[in-house]
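For the record, the sequence lines run as chains A and B.
Quick note on numbering: the first sequence equals residues 1 to 904 in our numbering.
Quick note on numbering: the second sequence equals residues 905 to 1029 in our numbering.
Hints may be right or wrong, so weigh each one.
Stated by the list, open to error - Here are the simulated DSS-like pairs of lysine-lysine, each with C-alpha atoms no more than 30 angstroms apart in a straight line: (1) 500/A x 583/A; (2) 314/A x 938/B; (3) 255/A x 961/B; (4) 131/A x 961/B.
Stated by the list, open to error - A partial selection of chain A residues facing chain B, derived with a Cβ cut-off under 10 angstroms: (5) 57; (6) 113; (7) 118; (8) 122; (9) 401; (10) 403; (11) 856.
Think of the hints as simulated: they come from the structure by calculation, not from any bench.
Don't be surprised by glycine CBs; every beta carbon is placed ideally from N, CA and C.
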Amino acid sequence: MPKMSKEMIVCQVCNGDPRLSLTCKHCGGAGVGVSSSVGFLVWDEPIDDFSIGFRSFRRKAFTAIHLTILIIAMTTLVLFAWQVDALKDLSVVQTMTFWVSGRWFVTLFWFGLFLDCFFIFRLFEYTHDSKTLPNWGKTKAMVEKQKVSDLKDFRFSIVLYFSDASRKVIEDAYKVVKSLKRTEITPVALFAAALASRAGGNFMVRLGMPFDKVKGPIARILMSESGGAPPIALSRDSKHVLALAFLSAYDLNRKTVDVMDIFLQSFSASTHLQEALDQLGFPPEHVLRVGEWMRLRDLMREDHDRFAALAALKPKSIMNRAMTARQTLLLDRFSEDLTLAARNGYLAPIVGRGGVMDELLRAIESGRRSVALVGPNGVGKAAIIEQLARRMVEEDVPPELFDKRLVTIHIPQVIAAGDPTLAAERFLAILREVNMSGNIILVMHGIESLTGTGTGGPMDLAEMLANELENGYLLTIVTTTPDSWTRYIERRTLAAKLIKVMVPEMSVEETLKVLMVRSGFIEYQNKVFFSYAALEKAATLALRYLHDRAAPENALNVIREAAVLARKSRGEDTFVTAEDVAKVVHDKSNIPVEAVTQSETQKLLNMEDHLHTRVIGQDQAVKAVSQALRRARAELREGKRPIANFLFLGPTGVGKTELAKALAAEYFSNEESMIRLDMSEYQDAGSVTRMIGAAGDEHGGLLTEAVRHNPFTVVLLDEIEKAHPDILNLFLQVMDDGRLTDGIGRTVDFTNILLIATSNAGSSFIQSEISNGASIEVITTGLLERELKSIFRPEFLNRFDGIIVFKPLTMDDMIQIAWLMVNGVAERLEAQKGIIFRAEDPAVEALASAGYDPSFGARPLRRVIQNRIDNKLADLILRGEVGRKDTIVLQEDGSMHVKKAKMV
Amino acid sequence: MATRSNAVGKLIFIDLVGSVVWFPIWWYTKGLQKVVGSFVRAIQYRSQSYALRIWIKNFFVPMYGQYDWTGRLISVFMRMVVLIGRLIALAIEALIYAVGVAAWIVAPALFLIVGVLNLLHGAVG
């Protein structure tokens, strides 16, 4: 849980006692304080009925005084004008003597003007209740420069730096304490008052926290904590909280200490409060993050004003301020001016990425100049460049970038000429224009398209660019993906001219912050509001399940779609909830991420029964897979491996593949979506390429592509013992990390698959042990210790969550399977031909015994059914001996009896 | 901690009565500082928007990338003209602000003195 970091220092005389300190001469009423670079921060004003009333009286009295002064001053001027107007001869006004003539209205006029001066003075000095914080309005650079680490020890009263709203929160906390007949204003009381304020209301709406739900528990904490004799006073911790609120506002260069500053600090100060809210379903991290979100919005607003003032200094046209630039007609046709867009307010600011930005600026300053931003798609490379454009507008950049413009060139348009020579000529002409103009920094997204890889033609603009960069006139910032960098750029001359700056994917925490900043615009566009739960869900789910684009873009796309979904389904001014976000992610990925519904719960709890309708016997196997699914859906598994990895062992025809199919049909949308790979087809080393694809092959591998398109499914590896050892090594990684990099370099996510490998290895051992009456446990141990050792490496076997032995089928199992198959025939016949099919018990038993072969399991049964039922049925239908609604009964001797339907 | 009587005393003697005494002192110290400060900032902002420093630094750099000798000549001439023009504009603006500061300094004293003169004159007259 969050703890306060800045130590509080207690008065040695009164020991910071809330009441003793009121009259303590040593600390002047402060009791406690915090050392800082601003001074020794103290809150030294009492909060009581008198001070609250007095403050309000003072404010009203001042307003009355100012109004009176203004009215008097105005009256004198009106009287003067009226009297002058009444003069017979207006020309006297032009004489000097008139103004010192001693006429009563002239005298009044002068005193009226003097009163105006007094009014201006009062306006400046007595109308602002709070002072602005010392760092307000300074740029980051200015604050950096004055930063001193030594603590100053002179006393610094923080009272006047609190905004009106935050003063009111403190007074309200007093009222809450008074109404509950307590005697100390504790951090919990401050929190309660902050929660009841307007900003607090906003906070609760975002967090989805109804006031009624938290009111009771907070009141109970308040009732339990403060004792002691009256009068009511600020507790030691509260004074500490107020000092820390001041410090955090100061560190963020805010104008005044605001409600959210008190809110966040008071929450962090009380573990009781954190525990109580945690129990109600609001973990401390969530509360703090929403609080910071609200504060972030205020900060963005303040920052916008500052940016707008600086942007006005930037030229409105392509010309730089030194006017050394020249026209760039060709470039203008194929490009967009980012600095101009930023100046006009079209580019949004970003949060985070400070490290990458510093690295980028350092690379530019280093003198080798041109930079390549390398990161996966969606990671925000364009946003970083847009932020650079904003900083160039503010001139908060190294001198190399002063008075320059950042221009992004559309490569596809340039090379769209069709004729490679024309494209090359055009590109060269554009580069020349940039060189001549001298005030342009060129941005090129997707630099790999310059290498002509897509067309396969002789067009290689990359060399041309490398040549121009060699001359040293040109400064460019290019972007590409790590994969393209390795494949197309790294070994070329161009790479040597560029400084590579990696842009890593964002973490959930960072993504959440980006969503907080960017959500405002999406809210405005769609006229909806985001709850915190929605943003948090979007960040976590997008990072876990959506891998087409990197974070934060995948999460941003999710909240954009969720906003539209919420507006369309519930109308404007509604809240986008976590469920909306889950639905969007589900639709995109096919993975059930919504909260588990009642019907799904039932299905999961009865999974064994459902599976047993298709798989006869094999209780242990059915139980193991059902439990794995329940763990996965209750989110109890580690997120970094597949849902489960199973190895099914046993003789052929005992239901290994059937269980996998049943699972796919029951839980993973449908049987067909199962990815089934017959390992006998992957026996040579070259088959790895078939499975994961090869570099340069756009189609990708069979396995990786299938999982990329359908990440939530069963992957069945039939007869795994036949696969080449290299293939088994691939699956080592899948089973351990839940991901696989395909031939093209894309990482494919395997964390939502259920991996099932089947094998006949050790079948004869299983059969002989079963006939000797050994238990499944003994057989499994025997298999692992002896039989499988020669076939699989121990680390491969270790990766499985369960190695499940399928027992050979008994005669009872066979009868049940025979029933399943006969029923299957009956269902098909009725559905397709409208003919009813029944079988007598002895007939089915006869089928089962005819199809029973311990070494082939249930497989011969299918042939028996084909011979004895399907063939005969076909004859009957072809001979026209059976019609719709007739009933066919299979009898013990294998004959079929047709009962004709009654004619209506 | 400030007692109640202190608070009331501060209100009456410092915030109300005291402000009458504080007024002239404030006007010629803190107030004057504020006014001058805001004028200086306005001039700085204007000179930034005129990009004077950049123009002086680039005085001999030809405009519009015209590197031939006629281009250079015309450019230096143009730069001189524009610089002088902008300096004059800046000077005029500074002058107006200076008048403003002078008015700030003179105003209350002038109003009071002439007012009192009128009063005396009226009484005499």
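Here is what the structure says about each hint:
1. Between residue 500/A and residue 583/A the alpha-carbon distance is near 39 angstroms, which puts this suggested pair outside the 30 angstroms criterion.
2. Between residue 314/A and residue 938/B, the direct Cα distance comes to roughly 27 angstroms. Compliance with the 30 angstroms bound is thereby established for this hinted pair.
3. Our distance criterion of 30 angstroms between C-alpha atoms is broken by residue 255/A and residue 961/B, whose separation comes to about 37 angstroms.
4. The straight-line distance between the Cα atoms of residue 131/A and residue 961/B is roughly 41 angstroms, outside the 30 angstroms bound, and the hint therefore fails.
5. Hint status for residue 57/A relative to chain B: holds, with the closest Cβ pair at about 9 angstroms, below 10 angstroms.
6. Interface hint status for residue 113/A: upheld, as the beta-carbon distance to the closest one in chain B is roughly 4 angstroms, under 10 angstroms.
7. Contact between residue 118/A and chain B, as hinted, is supported at the beta carbon level, the nearest pair being about 6 angstroms apart and thus within 10 angstroms.
8. Because the beta carbon of residue 122/A sits about 7 angstroms from the nearest beta carbon in chain B, less than 10 angstroms, this interface hint is met.
9. Interface hint status for residue 401/A: violated, as the beta-carbon distance to the closest one in chain B is roughly 14 angstroms, over 10 angstroms.
10. Because the closest C-beta pair between residue 403/A and chain B is about 6 angstroms apart, less than 10 angstroms, the hint holds.
11. Checking residue 856/A against chain B by beta carbon gives a least distance of about 87 angstroms; that is not within 10 angstroms, so the hint is violated.
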